[in-house]
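Student: Knowing the structure of chain A, use the given hints to seat chain B with the ligand on it.
From first to last, the protein sequence lines are chains A and B. Mapping of the first sequence onto this note's numbering: residues 73 to 727, in sequence order. Mapping of the second sequence onto this note's numbering: residues 16 to 368, in sequence order.
These aren't lab readings, by the way, just hints derived from the structure by calculation. Bear in mind the structure is a predicted one, so any value in this text is a computation, not a measurement. Just to be clear, a hint being listed does not mean it is correct.
[Claimed, not checked] Pairwise CB distance ranges, derived in the manner of DEER restraints:
#1 A/D448 - B/K30: 35 to 43 Å
#2 B/G171 - A/L550: 54 to 62 Å
#3 A/V521 - B/A58: 45 to 53 Å
#4 B/K166 - A/L550: 18 to 26 Å
#5 A/R701 - B/D174: 19 to 27 Å
#6 A/K643 - B/K166: 24 to 32 Å
#7 A/L550 - B/G153: 17 to 25 Å
#8 A/V521 - B/G171: 34 to 42 Å
#9 A/Q567 - B/G153: 28 to 36 Å
#10 B/L177 - A/S712: 33 to 41 Å
#11 A/A357 - B/R246: 40 to 48 Å
#12 A/S234 - B/D174: 51 to 59 Å
#13 A/D448 - B/G153: 28 to 36 Å
#14 B/A58 - A/D448: 41 to 49 Å
We put the beta carbon where it would ideally sit given N, CA and C, even for glycine.
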Amino acid sequence: MIAGSEKEVQNVRSATVRFAGDSGDGMQLAGMRFTDTSAVIGNDVATFPDFPAEIRAPAGTVAGVSGFQVNFAATDIYTPGDEVDALVAMNPAALKANIPDVRNGGVVVVNEDEFNKVNLRKAGYPEDYNPLDDEKINNDYKLYRVPVTRLTEDALKDSTLSAKDIGRCKNMYALGVAYYLYDRPLDTTIKFLEDFFGKKKNMPEVAEANIKVLKAGFHFGETAEMFPVRYHVDKAPIEPGTYRRITGNEAAAMGLVAASAKSGKQLIYCTYPITPASDILHYLAAMRHFGVKTFQAEDEIAGICSAIGVSYAGQLGVTGTSGPGLALKSEALGLAVITELPLVVINVQRGGPSTGLPTKTEQSDLLQAMYGRNGDSPVVVLAARSPSDCFYMAIEAVRLAFDSMIPVVLLSDGYIANGAEPWKLPDPDTIPKIPVRHADQSDLNADGVFQPYQRDDKLARPWAAPGTPNLQHRVGGLEKMNVAGSVCYDGENHQLMTNIRAEKINRIAKRIPKLAVDGESTGDLLVLGWGGTYGAITTAVRRAQSKGLKVSAAHLQYLNPFPSNLGEVLKSFKRVLIPELNTGQLRSLIRGKYLVDARGLNKIQGQPFLVEEIVETIDLMLADKFGDREFVQPHHHHVSLDNQSIEPYLGEPVG
Amino acid sequence: MATQEDVKLTVLTAKDFASNQDVRWCPGCGDYAILNQVKKVLAKIGSRKEKTVFIAGIGCSSRFPYYVDTYGMHSIHGRAPAFATGVKLANPELDVWLVTGDGDGLSIGGNHLIHALRRNVNINIMLFNNRIYGLTKGQYSPTSEEGKKTKSSPMGSIDMPLSPISIAVGAEASFVARAVDVDKDLGTMLERAAEHKGTSFVEIYQDCNVFNHFAFKYATDKSTKEDSIVRLEHGKPLIFGADRDKGIRLTMDGKPEIVELGKGIKEDDLLFHDENDERHAFLLSRLMQPEFPEPMGVFYRIADECYEDLLQQQVDAAVKARGAGDLRKLLYAGDTYEIKNPGEGVQSAGLHE
Ligand code: SF4
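Next comes chain A alone, as it looks inside the complex:
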């Protein structure tokens, strides 16, 4: 701890800090540095970056506000936190957009210099109103006015940097103040700034300026008589090991590279840029030394079609996209189904329909992944549940695709794709090899004929790569005769092939792990989830369990096929609650397949669940308050039993 601090230090178990500013203010960088420092000193951490939808939203407006939230704790945590304990707001728009999320009594640090007439107007505040002078705000929060812009300029008055570059250092001042408030050391950040700006970008003056400003911010906290208390969060009891901070998109890219190494197949990632999946392309494009080829196709359709071409030619074809892109890929995905080729499609879900909310998270592509094609066209559907889980599920997607000669859709979402968590790095030698078998001369029948739709016990057909003598065969979108593989319009054969395509998926259920239950294996309530809601559900259920409630959680990573014991698990609980960031897509699958009266908590606000929303719903369900409602929705951070809430928005009837 830095000496000279005589102020009161309060010990807290966890805290949530949000950095908010204009998209050019460097809030993501500040947030990530804060995260790394917290992880390095031994806290458990979870983050949530929130980007503006418009890249070029006018500066200073609410639409242009970018935020980064980090939750750090002395205990295990799984979510970036419901309420904000401390907000750093770099301008009026950032304050306006974020202050509703700050808890009562929470800390609000503002860059006072930016609260001028022009910026207040841009943020949409009324004329002659300044929130900093608002009595209610001053009463409800601990408001600290720091002249960040001026003090940054002062700290750099001898610097040779341009005024613009000096302005860019403001985020480090704010970060320094935050480090002071939460009793964090500066060394990790200083080392980062030296390495990143100094060595990697070869701009030592920029590194030096940033370090200077960071220290100035910290010392301001120390010396100014402004902050009566500072907070301390102890180390969490984290398993020993080597860790790094990882986002879901990074993890997915690494998982694909690992799968390529473990299968001996070249990874060729064919895709078209789309938010929030593009980072997977960016990471893989930098991995040519692994033999990885990336192909930026002319559109989504060409992305998947070229990936299928890769698979047909005997390598690892993968495409990545987000919701609208998956819609464009659906016809080609059907071709992969009927040609029975291995293919991995990663869908990083975002708010829909149509272009929807491109930068916001949602889980509303489950049914699209399951059914969004013409004909009976089943694919394997997997879902990662956390940023680091994207690594393991990407490997699993490749394994199943090769194993069963089948396309696999891996669902991620904007929240886990961009959110980060500490990841205890696995020993790469312990990741199992992925067996691959290509057809060879032993696949010719007694007459020396190759039969491309011959099947093994998994019902997989042989993978014959072009270039192999005597195995010439034609695949395509027309129905094929089983075994022989010639074009076949026979009705009985079509029924057989349709059944085989479904049965291939059923047989996969025997080769995947059973669904694990977190908590007792029977009880009053099962909270069933899938995908990126894992953290919020787990936290909420553990909280309910600690109150003595008979609540357990189970989280699906396999959605098609479902784990073989899912029916049993569902029947072991009196009630089933399925929280989803959609209108009930898993719920309808579960009700349809298992005839279970599952109820939903459905949030479609572009934001992840707050733990509190799930906790409240658990209480409602256990108190049998649902009645015959199939689902409830949260409103303003509270769960409402009134789902007919479109009424207030309908206005007066006309006529």
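Tutor: Just chain B with the ligand, lined up with the frame of chain A:
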């Protein structure tokens, strides 16, 4: 059972490239002539069945892969160039042929065609142009002439047709040619296309004798043929006509005009064909019936690097610069840190590349 060695020793004939599937085009369809030429060319240039892949989209012509005993994919409508690109990225050693039509390649798949051409992946594209939708039984296509009456244009098509060759030249294609299904030069064009390293594009006038019979009669009928086409030869003047007495020259303001040889006009006054001149190729692509004879042969050809080679070069360069990828290094790069026994010190390993 044939081994790899036996395969290498066998000399293949056109017949060897026939698959065991019945060919199902309408009797008299121009596709038959093209299929026969293709099989002959494959035999002639020494193609190996196992190294050859035919990829097609959807349409009458796109059934083609089923009829050759090579690897093949009858894919989805318009997307064949994307599948072919994927195949070449995965295995640049394969000989990839693409079969498409005027609807498949220029309407639903126009985007993919353009981008395949500009990337210059080493594939051979054959576009069977019959100026009609055959498989869906006779609607006008992007190459149907204005005013064409079809089932979907009973009062005449009001769509402006496009020129596949102009599109190809405009899309930075590195090899552009045209031939007629029943013409003697088709084989030569296909051979030259196969020889070319990079994307080759051959437009083939193809007679759909059910829905658009005689669309290219001018180019196939003995009595009109040599007056309606001009055969391109690199470095030679553009001369045509049954008696080779007509030629094309440029006016003072650069416009093409037909002239009769003799009467004071010498061969040297004519336009000379230059396969390596893009602007010249575009000009030729605008010569259309009935005003002009339509050029046949290689319009344009230029040596350029192939996409798949450039990509492989990047892989090689990255391996050379950074060493072959190591999974452990990849995982343990970035800002890693050690958590020792709970409660003990923690240290940052810092930023690694
Ligand atoms: S419809 Fe026309 S193009 Fe199609 S097979 Fe028959 S003749 Fe050939």
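Student: Give a verdict on every hint.
Tutor: Tested hints:
{"no.": "1", "hint": "A/D448 - B/K30: 35 to 43 Å", "in the structure": "holds, 40 Å"}
{"no.": "2", "hint": "B/G171 - A/L550: 54 to 62 Å", "in the structure": "violated, 34 Å"}
{"no.": "3", "hint": "A/V521 - B/A58: 45 to 53 Å", "in the structure": "violated, 22 Å"}
{"no.": "4", "hint": "B/K166 - A/L550: 18 to 26 Å", "in the structure": "holds, 24 Å"}
{"no.": "5", "hint": "A/R701 - B/D174: 19 to 27 Å", "in the structure": "violated, 55 Å"}
{"no.": "6", "hint": "A/K643 - B/K166: 24 to 32 Å", "in the structure": "violated, 58 Å"}
{"no.": "7", "hint": "A/L550 - B/G153: 17 to 25 Å", "in the structure": "holds, 22 Å"}
{"no.": "8", "hint": "A/V521 - B/G171: 34 to 42 Å", "in the structure": "violated, 52 Å"}
{"no.": "9", "hint": "A/Q567 - B/G153: 28 to 36 Å", "in the structure": "holds, 33 Å"}
{"no.": "10", "hint": "B/L177 - A/S712: 33 to 41 Å", "in the structure": "violated, 57 Å"}
{"no.": "11", "hint": "A/A357 - B/R246: 40 to 48 Å", "in the structure": "holds, 46 Å"}
{"no.": "12", "hint": "A/S234 - B/D174: 51 to 59 Å", "in the structure": "holds, 56 Å"}
{"no.": "13", "hint": "A/D448 - B/G153: 28 to 36 Å", "in the structure": "holds, 32 Å"}
{"no.": "14", "hint": "B/A58 - A/D448: 41 to 49 Å", "in the structure": "holds, 42 Å"}
Hints 2, 3, 5, 6, 8 and 10 from the earlier list are contradicted by this structure; the remaining hints agree with it.
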